[in-house]
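**Student:** Chain order of the listed sequences is A and B. Position one of the first sequence corresponds to residue 6 (my numbering), numbered consecutively onward. Position one of the second sequence corresponds to residue 6 (my numbering), numbered consecutively onward.
A couple of the hints might just be wrong.
[As the list claims (entries may be wrong)] So the derived label-pair ranges between C-beta atoms look like this:
1. B:I86 to A:A92: 36 to 46 angstroms
2. B:Q269 to A:D216: 21 to 31 angstroms
3. B:H64 to A:E238: 45 to 55 angstroms
4. B:V270 to A:R135: 28 to 38 angstroms
These aren't lab readings, by the way, just hints derived from the structure by calculation. Please read these numbers as outputs of a predicted model, since none were measured by experiment. Built from N, CA and C at the ideal position, the CB exists for glycine as well.
Number of protein chains: 2
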Amino acid sequence: MVSERSLAVLHAIVSDYVASNEPVGSKAIVDRHSFGVSAATIRNDMALLEEDELIAQTHTSSGRIPTDKGYRLYVDTLARIRPLTAAQRAAIERFLGESTDLEDVMARTVRLLAQLTNQVAVAQYPSLRRTVVRHIDLVALGEDRVLSVLILGSGVVEQQVAWLPASRVTDAWVHGLRQRIADAAVGSDVESAAAGVTELESTVEEWAQPDEIELVRRVLTVVSEQLQANRNERIAVAGAANLSRPGGEFAGSLPVVLEAIEEQVTLLRLFGELVHDGRDVSASIGRENEPYGLSQTSIIASNYEDGAAISKLGVLGPLRMDYASNIATVRAVARYLNRFLGEER
Amino acid sequence: MVSERSLAVLHAIVSDYVASNEPVGSKAIVDRHSFGVSAATIRNDMALLEEDELIAQTHTSSGRIPTDKGYRLYVDTLARIRPLTAAQRAAIERFLGESTDLEDVMARTVRLLAQLTNQVAVAQYPSLRRTVVRHIDLVALGEDRVLSVLILGSGVVEQQVAWLPASRVTDAWVHGLRQRIADAAVGSDVESAAAGVTELESTVEEWAQPDEIELVRRVLTVVSEQLQANRNERIAVAGAANLSRPGGEFAGSLPVVLEAIEEQVTLLRLFGELVHDGRDVSASIGRENEPYGLSQTSIIASNYEDGAAISKLGVLGPLRMDYASNIATVRAVARYLNRFLGEER
DNA sequence: CTTGGCACTCATATGGAACGAGTGCCAAGC
DNA sequence: GCTTGGCACTCGTTCCATATGAGTGCCAAG
């Protein structure tokens with residue numbers, strides 16, 4: 006266990022290092038912070054911190070920089086979360102207030118978060134399992150293609166094309182089928198609707214013409230897929246340009262990070278594994294992200310509620326980032342998004 | 006005017022430099038290419054090329070590298086476009102063949118192009134002005150919100166929410182309005198449909214209840230917007246990770262490039278200004294992109310037809326890129342996309 | 001436990017010398 | 001008139017040796 010003052014020294018090292026990007030020495034600490042002790046005393050504390058692997062030196066006789074473990078302890082012992090400035094709050098309000106549909110809300114949210122933190126911002130789309138199905142449409146796009154359009158509460162639209170090879174699709178046929186599906190699905194939430202459609206699928210023989218059964222099945226399969234497609238597995242990203250900030254933070258790992266952003270799958274897994282032990286904001290620091298090749302990266306994320314399910318949003322940046330400020334910002338944006346989505350439905 | 010052999014020397018310099026990323030000297034040229042002349046002769050040619058500002062030296066006595074102007078002449082005098090290998094063609098076929106809706110086609114196209122060229126790939130969404138309107142839906146999302154869904158040929162769906170503050174939206178009302186709009190718009194192409202809706206807007210007083218006119222107007226405005234929204238102004242991007250390839254190509258300009266990719270507006274303008282003088286593939290090299298801050302970047306683009314209108318797709322990369330191969334690939338992918346979209350409709 | 005002092009380490013900066021790739025130019029050759 | 005071999009010259013790169021200074025660890029005294 007580290008002493009009270011040692012912890013204060015760690016905090017000083019982290020914040021100085023984040024600000025200057027240079028190893029910080031004992032003298033610099035007594036100069037910039039008002040500990041009531043001399044540099045030699047600080048040096049003793051630093052020796053202890055180094056023993057605990059909370060800080061390290063770049064070479065035998067240089068100042069110290071925090072290790073992953075040091076950052077971790079720093080984050081865990083951050084006393085209070087700085088509230089945002091009035092200007093920042095206003096910016097959030099203004100930015101989100103103008104948005105129209107969900108797509109737009111997500112895009113604005115990540116852009117905002119990226120701008121406020123100067124990091125890469127990521128947000129998971131809300132899960133829609135508990136959302137009500139408002140409307141279902143089947144539209145013939147030609148003789149062999151039918152477009153299925155699903156309209157969910159809060160204005161989300163899913164579309165998908167069903168191919169019905171070598172068939173003669175007529176408007177009347179499509180219309181009748183639509184009616185049946187709508188009866189089974191519209192009005193209930195997505196999960197129940199999926200069950201309804203499955204039910205319909207299993208009784209196809211009872212109500213469809215024998216020569217149409219195959220076609221009907223295809224359409225129902227597509228609708229089922231749409232209902233089961235988990236929106237939660239989409240993410241919005243913004244601020245990739247922040248990766249190339251001066252400082253060469255991501256020396257070798259920039260390609261890995263860019264790939265992760267493009268892949269999305271990696272980010273989703275990473276987000277999924279984040280543990281929120283009591284706190285509303287969680288962090289994953291450096292080597293904790295090793296399994297994803299992102300050991301030079303830290304992630305700060307917060308849950309945001311979304312009716313029944315929970316989704317996440319956060320930022321991704323270099324190990325050396327302003328954790329205090331980023332945690333505050335992520336939390337604030339998540340709260341606004343919460344409130345905003347709450348109003349919506 | 007440069008002589009025949011000088012031009013050949015330029016080609017040698019470009020291809021060697023692209024391959025090695027090092028200034029190429031006269032000796033290296035005679036070694037690697039079978040000109041029937043000595044190094045001294047090559048040096049004379051190089052002096053001429055330098056006079057014409059087609060090549061330059063990094064310092065007084067080093068090998069030469071091509072200038073922007075040199076790359077330009079090189080591209081303009083590329084004799085024949087290398088055809089793709091069978092494997093590459095197969096990859097294209099396979100990759101595009103699996104796609105479902107337009108969104109998916111575009112995503113696959115850029116991913117493919119990025120992978121084949123190792124550059125950032127960009128594609129403009131097809132313009133839909135000549136596409137037929139298949140279907141229009143209005144769905145009440147609550148008492149004060151109506152979702153308008155527009156279904157176009159080839160399975161494109163546009164949605165937008167209309168807010169009708171302080172009103173009591175009923176299903177019956179929405180249904181009636183939908184019918185009217187559908188009569189005016191469904192079946193004709195997007196441009197005519199827009200005209201039809203505008204017509205409807207101007208005669209609102211004649212058929213709507215006085216106290217509903219304001220609400221009807223709002224809905225019609227939203228539908229109009231949807232019809233006029235130009236899909237052509239959306240782009241798909243992939244392969245950003247290729248920017249961080251070793252070689253430090255984008256030393257200082259990486260942030261600019263990343264921003265351009267995220268902004269999209271810049272890329273759209275850039276694409277819009279590309280001139281195709283007779284060729285099916287065009288290039289914009291280095292300083293030619295100065296106005297957009299992308300003077301360290303080259304762009305290779307091709308038109309792809311899309312019924313009436315024309316859209317573009319291409320790649321963006323460092324000045325020092327394999328123009329010959331990239332031009333061939335962009336052209337091939339554009340052709341496949343052409344064919345694919347042709348089959349669709 | 002704190003503090004001043006001191007020897008020690010090591011990254012960085014500076015400068016000079018050797019090296020070598022590549023050029024420009026010239027006079028001779030085809 | 002174009003081509004060629006030769007040669008002096010330039011200049012970036014590498015290597016080494018030295019000087020500097022920031023920062024440490026340790027110790028003995030307060």
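**Student:** Each hint needs a verdict: does it hold in this structure or not?
**Tutor:** Each hint, compared with the structure:
The supplied range of 36 to 46 angstroms is broken by I86 (chain B) and A92 (chain A), whose beta-carbon atoms lie about 55 angstroms from each other. For the pair Q269 (chain B) and D216 (chain A), the supplied restraint of 21 to 31 angstroms is violated, since their beta-carbon distance comes to about 48 angstroms. Distance hint check: the CB atoms of H64 (chain B) and E238 (chain A) are about 53 angstroms apart, consistent with the given range 45 to 55 angstroms. Look at V270 (chain B) against R135 (chain A): about 37 angstroms separates their beta carbons, and that is inside 28 to 38 angstroms.
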